[in-house]
Amino acid sequence: MLHIPCPHCGLRNETEFHYGAEAGVAYPEPNVLTDSEWAKYLHIRANPKGWLAERWVHFAGCGRWFNLWRNTITHEIGPAYLPFTTQPKKPDNIGQEGLKA
Amino acid sequence: MTNTHDTLSPGTIGRRRAATFPEQPPRLWKSVKPKKAYDAVIVGGGGHGLATAYYLAKNHGLTNIAVLEKGWLAGGNTARNTTIIRSNYLWDESAAIYEHSLKLWETLEEDLGYEMFFSQRGVLTLAHSVSDVRSKRRNLYANALNGIDSEWLTPAEVKKLVPIINISEDVRYPVHGATYQPRGGIAKHDWVAWGFAKAASDLGVDIIQGCEVTGFDIKNNKVQGVQTNLGSIAAGKVGMVGAGHSSLLANLAGFSIPIQSRPLQALVSPLLEQVLNTVVMSGAVHVYVSQAHKGELVMGAGTDAFNSYAQRGGFHVIEHQLAAALELFPIFSRAHVLRTWGGVVDVSPDASPIMGLTPVENLFLNCGWGTGGFKATPASGWVMAYTVAHGRPHELNQAFALDRFVTGHLIDEHGAAGVAH
Amino acid sequence: MSEISFSFDDKIYKGHQGEPMVAALLRSGMLSITTSTYHGRPRAVVGLGVEEPNALVQLVSGTKESMLPATVIEVADGLAARSLTGVGALPELPEEARYDKTNRYVDTLVIGAGLAGLKAADEHLRAGREVLLIDDQPKPGGHLRHLGLELPASLRDVLAHKSLTYLCRCTAVGLYDQNYIVAIERRSDHLGNSAPANRARIRVWHIRADQVVLAPGAFQRPLIFSNNDRPGIMLSHAAATYVAVHGVQIFKRAVVATVDNQGYRDALRLHHAGVQVQAIYDARPVAEGSSVDAARATGIPIRFRATVLDTVSDAEGVCESVIIQDLDTNETFQITADLLAISGGWTPIVDLATHIGIKPKWSEAHAAFLVNHSTDRLRTHGMLAGDFGGDDNPSIFFGPELDEEQSRHAYIDLQRDTTLHDLRRAVGAGLNSIEHIKRYTTIGTAHDQGKTSGMLTIGALCQLNGVAQGGKPGLSPADVGTLSFRPPYIPVPFAALAGRERGPLSDPIRITSLHQWHVEAGAIFEDVGQWKRPWYFPKPGECMEDAVRRECVAARQGVAMMDASTLGKIEIQGTDAAVFLDRIYTNMFSTLPEGQCRYGLMCKTDGIVFDDGVTTLLGKNHFLMTTTTGGAARVLAWLEEWLQTEWPDLKVYCTSVTEHISTIALVGPKSRQLLQELVKDIDLSNATFPFMHSREAMIDDIPVRIARISFSGELAFEINVTWGYARHIWERLWAMGRPYDLTAYGTETMHVLRAEKGYIIVGQDTDGTQTPYDLNMSWIVSKKKEFIGKRSFQLPYLKAAGRLQLVGLLSDNGDEVIPEGAYTTELNAHPDEHGKTRHTGFVTSSYYSPALGRAFALALVADGLNRMGEVVAVPFGKKVLRATICDAVFIDKENIRRD
Amino acid sequence: MIAKETPLEGMNMGTIATVAIRELSGLHSIDLRVMPGSSTQTAVVEALGIGLPVKPGQVLVASISGGSEAHALCLAPDWWLIVGFHEAEQKLAALLLENHHHFSVVDVSGQRTTIELEGPKVREVLTHLWDQDLREKSFPIASVSQGLMAKAPVIVCHIAPFRYRVMVRSSFALHLWKALVDAAGEWV
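If you read the protein sequences in the order shown, they are chains A, B, C and D.
Per numbering that gives the first Met the number 0, numbering through the first sequence is continuous, rising by one, with the last residue being 100.
Per numbering that gives the first Met the number 0, numbering through the second sequence is continuous, rising by one, with the last residue being 420.
Per numbering that gives the first Met the number 0, numbering through the third sequence is continuous, rising by one, with the last residue being 898.
Per numbering that gives the first Met the number 0, numbering through the fourth sequence is continuous, rising by one, with the last residue being 187.
Fair warning: there could be bad hints in the mix.
[Said to hold, decoys possible] Which chain C residues stay away from chain B? Per the calculated CB distances, all over 10 Å, these:
#1 48
#2 77
#3 143
#4 150
#5 192
#6 326
#7 557
#8 577
#9 605
#10 694
#11 699
#12 827
#13 894
[Unchecked claim] Derived DSBU-like pairs (lysine-lysine); straight-line CA-CA distance at most 35 Å:
#14 C:118 <-> D:120
#15 C:63 <-> B:159
#16 D:120 <-> C:161
#17 C:756 <-> C:531
[What the hints assert, rightly or not] Computed spacing ranges between beta-carbons, pair by pair:
#18 C:862 <-> B:128: 28 to 34 Å
#19 C:542 <-> B:397: 47 to 53 Å
#20 B:391 <-> C:862: 28 to 34 Å
#21 B:397 <-> C:798: 18 to 24 Å
#22 C:303 <-> B:109: 56 to 62 Å
#23 A:10 <-> C:16: 42 to 48 Å
#24 C:149 <-> D:10: 16 to 22 Å
#25 D:184 <-> C:2: 29 to 35 Å
#26 B:109 <-> C:388: 57 to 63 Å
#27 C:298 <-> B:31: 28 to 34 Å
#28 A:33 <-> D:85: 54 to 60 Å
#29 D:85 <-> A:28: 47 to 53 Å
#30 C:833 <-> A:20: 37 to 43 Å
Keep in mind the hints are simulated off the structure, nothing from the lab.
Glycine residues also receive a C-beta, built at the ideal position from the N, C-alpha and C atoms.
Using the sequences and the accompanying hints, generate a full structural model.
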């Protein structure tokens, strides 16, 4: 049960959120893209081992979308940030529970 | 060797000893150090990778090959799944490969000369609502046309087959019926991998553990070999069969694939007297349960919602799953959760695997099996061996090519068939 | 302590209220309490708590728990248990106990109320923090309790602190990310018959702590020698505790085999309790410390570099004498003993720490894996952190070298009956990972999850690999690594984890404002997601088919009404609302005049139909969107996602009003006449209130919004009213409708009526692979604007020829309703050599139509729109029907009836 | 006047000595959406005549005409639920017609019903079903939070000492009622 920092409501349990995969993939101008570029937008999202900037929506709370740095190996949670704001830099391992990514 | 193991259960209440396993052969496989070069290298020593190596050697005569496993052999999803085997998939393309797999399962123990506790005890897939019944029946009709054994059972027939199931109308999601595939069943997951490993090893395949691929040598868009923590290994052909880590391997080779890695959890109970001789699945309430040979209940959950490589998930997923299980099987209330664990499954957008060629010549891909890869182990190895050997897909994996995401020809198993366990 | 009676294997025993069941059994002389799982060897209790591998029982009384170690069962009056051989049984009796769950947030959670845990709690309390202290024992004190000692006064004060909550009988079973802990509190079993009926038997605690302190203590470990499983062989700490604290007097002559000073301490306790300790055999070359000195002073013979090699049993298999080996000379000798007390060192309980991925580190000095961890969030204390206290200087010794035959009886995992020989075979088979060896031998997979056997396995592998490599020392435990520990720390009943989510509470049941009316009217319900919707309303004696036909006829010929309240409803307001809807829907909404309604279809970015519904322009920049029942939450989330993450510049707000507005569909040629009797303030005639228009009106002074929307093709009105007045409106209509024979209908009739008109149900006539074109709805795809999903229509496969297209299907035999889901094939299709028959599509909806007087169906058929009039086969079961492809609209193609 | 029905029809149980659970019938409520800090928000506040709490999670209690109390609940940065203020819509009607103001007002009185819990055991009952932090320091009086209770979407308000309100979607109300009664099993 991840404890996720909603920028508006504070820390809440994972069950109040829905996951939205990689953050920062903007909706492209569809009609200038080749089929393969369009397919990339439709289907391909980053899946790194380590820190991932990803989207979450606090569906059971304030209903707002936000972005979050999270480590996919250690489940460390990094900073959250709002859409259309500057992305905080990728966190160093903050050593939560002493784990190293 | 099929269908003989279930009779071990006395089926009566009373103290009994647990069933035992037969003795293992004196040697399973040789652990070796990598050579400088191979004709083909398979990256990933799970069930699929080992099966690929075995069929490359057996069907295609390629024996100068190596399987590279970064951890311990078959320690990934092969060791972590709930071992359900069935072929009653909705879409023709899926049905074809899973049925091919089931046919291979039916002779696999003889073929490999190795016992795997493959037990065709039947798989029940429950329907809990009017729309659930509709889609399950469609599945049934599709199976009939594809030559796959599948029957429709009424709630009373379900009860007859699995007496401990609660078919009362009063439960939150009552049983409205079920599809039943009698040829479906389970096998002992570790032994399946070990069987392939032993057979491949016996045919001269090098099995190399603790060997992590850190890069690909690619020249003129053609793969030349792999870099590993144990040094560079030249290879004429490379198959990527890395399950949860597929997208990382693809990135190392310079391309992206539509894969997200998710935790998938499962659990097991202590040994119990036999109460369940059939595999029971319910996508609607997230229950996948069988009782293994020795007597433990083995249950699968759904995937956790987020990407993770941690091989663990949230406990709420387990709690929810048990609540659902007790609605169906009140008798389980006194069973215990002994152990929970998680795997890393690679999920594709249409919940179907991705198999075949990649943008890099002589580099082949097999991934995206999501929650359902165990049952496909033999066929996956079979068609990947063909693909690696011939440099083109087998007819059974043609439809599962990477380019389907560009053409739009998805094989959407979660749209209609529910969860692909 | 009051004396009580309990039964074990149908015999009555006396015990002290609250003492461990094994203590009472041992005191009664009951030593061998079961036989082993596979080998059938007699077995007795070995340990003190959850690490116990042998003494498994099933409760026959109370909740009939399927499997528990008798070491953790507190005896109470009326308790009844029976022995198990490692295989539990599930009684087919209803579970009547209550289970519950609770959530707790706390500054500091301390796990373990031994000395280390209590001291940590004290520190945190002094720092002004709130502390939750949980411990799996009935009383605090940890090892002190096993020594029969009271807590020092200072620690009693800790327990009394106002900022401390102490939960006994509460076991932390899992440590999860961000300091989330699941703990299991046993609340009533120890009370026996006097437990209150409404008391939850087990409470699951979901704890989130800013800081977690792990002070779980350690298990004593056994040694590996031949016949090390015999009754009479016990961990020394357990033996001494049963004898010295619980008054067990069945042992006369003891031998202690040790690798650390704990063996001396326990030897002293046995000695002081009157057991004749014949000797202490210490595998170490030398030992120092106060306990060693004290043992010497009592005159107990001590022999170094000696350990136990084998045991000899009596006819019952009980330990009678012990064979000791001199480790330097390999000489052996035999000594009689009815108690062999083993002290193989300590194994700190690393389980919880490893749950979140912390790797324990091997410490040579402690001969143990430790987790020495100190961060802001998580700290380890006590033995886990290496604070073994006392004067210990343990040796890394797991047992003497054993030959082939001896290894066959040298048990590593008592529950699984796995021996050193099994390990040898595994290593010989080429396995070198401890995970492989575990899987090959099944060591560590039983009820105790290897609490005592795990470390023995590691030790044995070190030895075996040493031998294999032709010299000593072989591997260090650090090279082998630990087995992975997974939650839960102890087995947890399914029932506890299901908690309150049983029966009707297992998943929410959603009901509409009219639900109670439907119940009273005898409706049969269907589950649609979490909703209960009336499926049909049978009159007495009617079957479903009868009821549905009657309801259909009423709607087409008279007037009928249904509860459509489950449809999702979303208010969409703002100056950009129309622009927004144009992007969301495939068709145009910016051209919709005020007061009018329009059907819309939405796709996902992949071009696949996702939801549909009617949207009304209520006023300037103010829309009311309806969605499918199942799609309500999905669609609102979809709208919000685009607004928030792609188009924040659009001035649009969306608000769900699904429950605020109840919807009653009044359908049929007589609906206008009936409704007009209730609606006085507006004229319902077609001229002033045309199709797809919406009007505000009053019924009995209640404001309603009426829309001329028809999902049946009939003249129909949708009456929208706030939840609290819905039942009044419904009942008024019902009363007024009596002369019209107003008929209530359910979802099945709704499906028939809409299918007769070729109206799709997303999710039934689509399966997640259809574009609007496939549904013969090119008319709804705007060419003039961009919208979500449009680009994907250009993908090769989505515009390819031969796609499945929605058509009608009429079977030759009009009485036969084709099964939904059945596939179509060419007329002369036959199975190929693989037994496969090519199909051309499938039936999505199929009903008997009273209006048509025959059965009809909708189907998705390859290239179906170009194959009108062609005959296809529909095989199912043993039957093959013939059916003709036709237009999907079966009734009133000219749309005359709706006005 | 025709009586308005409520999802729980004024059901109540328990006792204030441990915990009392009752439906509060007929609370009027509107959803207000407006950009925080905008001139429109200023205009809305002025028209309403009551303030709006600034941060999600805050509740502002305002006296309104007739001596009754209205509660303004901040649910998200641009989202308020205003409870017990019948004239709110009317007060904002004129403003809605002004083109340059972007905000929305929706009557949602029927969307939810309110269950009030009161008594010394109230927190114990709630913590059985509510996985959010109810400690005074995290959720003091005049706090509000949205979440899931027994899987039903709810808004929880801390109204007064040992008194909480749970606003639940009407379709889930009976389910939640049963869950609360079950959770209170050891006290009522």
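Are there hints from earlier that the structure breaks, and if so, what are their numbers? 9, 24, 27
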